[in-house]
Structure formats: structure tokens, C-alpha cells
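Chemist: Heads up: the sequence shown begins at 1 in the working numbering, then just goes up one per residue.
Just so you know, these hints were derived from the structure itself, not from any lab. Some clues are possibly wrong.
[As the list claims (entries may be wrong)] Here are the simulated lysine-lysine pairs, BS3-like style, with alpha carbons at most 25 Å apart:
no.	residue 1	residue 2
1	K452	K118
2	K551	K533
3	K286	K114
4	K452	K114
5	K286	K300
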Amino acid sequence: MPEAPADTFVPEDGALYFLPLGGSGEIGMNLNLYGHRGKWLMVDLGISFADDTMPGLDVIMPDPSFIARRRDDLVGLVVTHAHEDHLGAIQYLWPELRCPVYCTPFTAAFLRAKLHEKGLSATVPIHEIPLGGTVEVGPFSVEYVTMTHSIPEPNALAIRTSAGTVLHTGDWKLDPDPLVGETADEDRLRAIGDEGVLALVGDSTNALVPGVAGSEATVRAALMELFDRYRDRRIAVSCFATNVARLESIAAAAAAHDRHVALVGRSLWRINEAARASGYLADVPKFLSEHDASYLPREKLVLICTGSQGEPRSALARIAANDHPQVTLSRGDVVIFSSREIPGNERDIGRMQNQLVAQGVELVTADEAPVHVSGHPARDELVRMYQWVRPRIAVPVHGEQRHQQAHAALAADCQVPHGIVPANGEVIRLDGPEGARVVAHVRSGRMAVDGKRLVPLDTGMMRARNRMVNNGAAVVTLVMTATGELMTAPQVAVLGLIDEATDRDLLLDVMDAVRESVAMLPRSARVDDAQVKEAARIAVRRCFNASHGKKPVTEVHLVRV
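Whenever a hint applies, use it, and build me the whole structure from the sequences.
Modeler: Shown next, in the form of C-alpha cells:
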């Protein structure tokens, strides 16, 4: 059967569909939908962060318009774990969806704190599911399966329907000694495999990485050694704020060397509060505030700072720029980067690290010591998962195309009969006799937080903003009679391209070019506002293209008197 256009696609009542709207072909912004018997189940609703190509923006997320138009058929949102790329968009997009949210206790505590900041904590219905629990959501039965990752309570989901069972892995790894939380529930995964699994929808992040991801216990041992090496210096550690096991490891290494630990950065305090409310960090002494830390000798202190990715307003970035109100680092201090570089952040991280080095601070990264392990499965772990679950179909998600393709090839090597590499917006039927296939395409754009608004990224407004960043902008004012005669010289203001005080002669040349361009129009054209504006716009762009190789975004104001 040929693919159906999105507007005419009607799901078959007993079929099972998978539809990613975010997180396929990219890392971040996860939004996955499962369709069955006229209803939809959403798994995760995450964000990503803007880069240099998105001026004025910080947070981006999937466009949920497909499911927002069908929210009466959306039975629930199931969250696998508390990372921003899996739940960070809930506070922005839930008002468009208005569905119940299901998650385990730590994720619920973290989500409530985020919703409180948006005034939604009493509005969004959050249902806490115990670890290993099951919830019935419309025609879907969802079992939470305990996994390990770089945050407490990561879960795979066994989604059972009358058309078959899907194992949605979420983010996971196989850590034999995770230090915080339980190990992955291998027995339950094997039992689900024995029941029969139609499809495994799985994490592809490290599908190109051989071996295994590594254990948090290795990181703790490395921190112990480093704290001993630098026993007479002030130590700062930057890590992903959500890595509660890493916070506990840093605290353990500090306690072993008679140091106190201070948290520097709001997101660290938010995670600390959620963790303690959920029973984690119970044996870790209370962390100091950055204010309290200023009273301690440098050899008695460890600072845990946000900003491992060089985020401009993060704690460590401000410290590196000597812009933090309470925390400074001095020559001889040490900063340990207990994290990995997320692709796209290299420039910001490099800038921050150079600023620290210029202050005489010594840096330790994962290149010099084993101070970080990934939270995602490498190839050997993927093989073990396929040996346990034995699905009929492999659906690699949560990765760029190269990661997904490598994951699909590995699944084929593991004797999985069928595989399909999805793209955002593809409606995939999972229960067909020939295996999975694409049956329709729907809209799968991106939204962004622009000040106080949510805006689509594929609009003329965002394209114009990018053009202004790269080419500058110009505003031309023309005052003309009703019969098409200029009453005064054109006025031109230029932004982001020249210095009007020092480039006055060039500006006069532009004004002359505009006047000549308008004057050369036939009389019939000079009484047509559209033709006059276009002539002036072209004149400005030609002048600056000739002088600067730039074509500024140009707006023409025409006043008739």
C-alpha cells in the first residue's frame, strides 16, 4: 500500500504505529508517539539547546502540532527519566496537550520543581509509578523496567498492546556498580523477551563505540586519586547537574580528604532537592552554599559547578570570566571536567577553558584521567540487550543518522529479522506481516523559546533574524508627493554593518544611489508604492554588496504627502 499524505492518513483500528516527532536523526528533543485503536501514547517530551545559528534563542523543542490537534485522543505522557532532553519541554508544551503525566518518584520530584517555576505545579496531573510498576493507559499497558544511566531511576518501557509488545529502552547502559540506584533488571528484560517482543525502539547514541560504557565506580576511584594529588589546592569540579551518582562520588572523595562541598549553580540545587526528597544522597552531608564556601580555606573546599558545556550564564563560565558575584579561582587552583563534550559545544568549552588557564588554573579533563563515563550503551551492551529481548524489529532512535545506521547494522548482526531507521515525522506501522514500514509523513518541525513566546523555527521571522546577524540591516525613509516627486533627500539608517559616524561618505553615496534609483523610475512607477520601495531596497543592497560584500536586510518606509 502506498504512503498516505498526513492530512488523509487514518490509522487502522487494530494496528500499532510508531511516530517520532523528535529525537530521531538527532540527539535531544525526544518526542515519541505510539498509536493503537484510535489513541496515542506519548513517550518523553524533551528539549535541546540553541547554537550559534539561532541568535537570541536558548531552548528548542519539537513541534507537537500533530498530536496537539489530536489531544482528545492522547491518553497520556510517559516519561522515562529526568534528563532535559526527555522532559524539559513539558513546562512549555503541556498547555497544548493537557494530558496526564506518568513517571517514577525522582522524575516526578524534579518535574514538579520545574513546573513550579512556570506556575503549573498545581495544574499538570502527575501520576507517580513505583519502580518496576505497571500502569494502564487507554489501550496501552506500560511496565517500567529499571535500568542504569547517569541519573536516578532511568526506565525502559514494556508497552503492551493487542497488536504486540514494544520495548522502548529510553537512555540506558549496563553498569555493574552504579553507586546510586539499582543495576539494570536483566531478569525482567529476559522475561519480557521470553514473552515475545514485536519491536525494540532503542538508544543509538554510542552505537559506534566499541566495548562498554564503563562504571561510575571507576570515576569515583579516579576522583579519590586526584583529590589526594591536589590535597593542598582548591578544587572545582564541573559535571552534568543531573548526575546524582557523580555528586555522591565527589562528596565521598571530598569527605575522604577532609573537605567540605559547595554547590554553585541553581540547577545543581534543584537536583539536590529532588534527590534528597526521593531518598537519594541520604548519607551525604548537606552541601554548602557558595556564600558559606567563601569562609573556608582553599584546601578544605570542593566546589561543584554548573557549566561543563561552557553555557554562557553558567556558574563556571562566569567564574572563568571573573563575573561571578561570590566565587573566584586563583593561580594554582584545579578544575576537573567530569563530563564529556556534547557535539556543538566545543567552541564555548574551549573559550571557557582558555580563560581559566589564563588565570593560572590547572585543568583535568577525561583525556587526562578517567573522570567521566558515558550513560549510554556501547556496542557490547547493545548486543547483550538484543540477546535478552530478541525482538522481531529493531527501531534505532536517539542518535544522528550515522548512529542509527550503525545500530541497525548491529541489530542485523544479532539476527534481528527486520530493522527500520526512522526519521522525525515518519508514521511507521510496526505490526505488518512484512515487518515495519513507513505509511505516512506528518509535520515534525521545531519550536523555540524566544523571550516570552514559543515560535516555530521555520518561519520568515527566524530566517530574517539570521540574515540580519550575518548581513546587518538598513532602514530607508522616503518622503514623496502623490505624483511621485521626492520632497527631501532619502534618509538611510544602517545597523550592524557600518559605523555611521566614521563611514558618513559611504552613507551619502547610498542615499544618492537611492535617490537616483527612484528618480529613474517611469512616472507611472513612481506613484506605485511597491515599485518605489523595491527600487530603493535594491539600490541599498547593491551599494553595500559592492563596498562590503554584504546584502543587508532592508526595510523601506514611504510617506506620501
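Chemist: Does the structure break any of the earlier hints, and which numbers would those be?
Modeler: none
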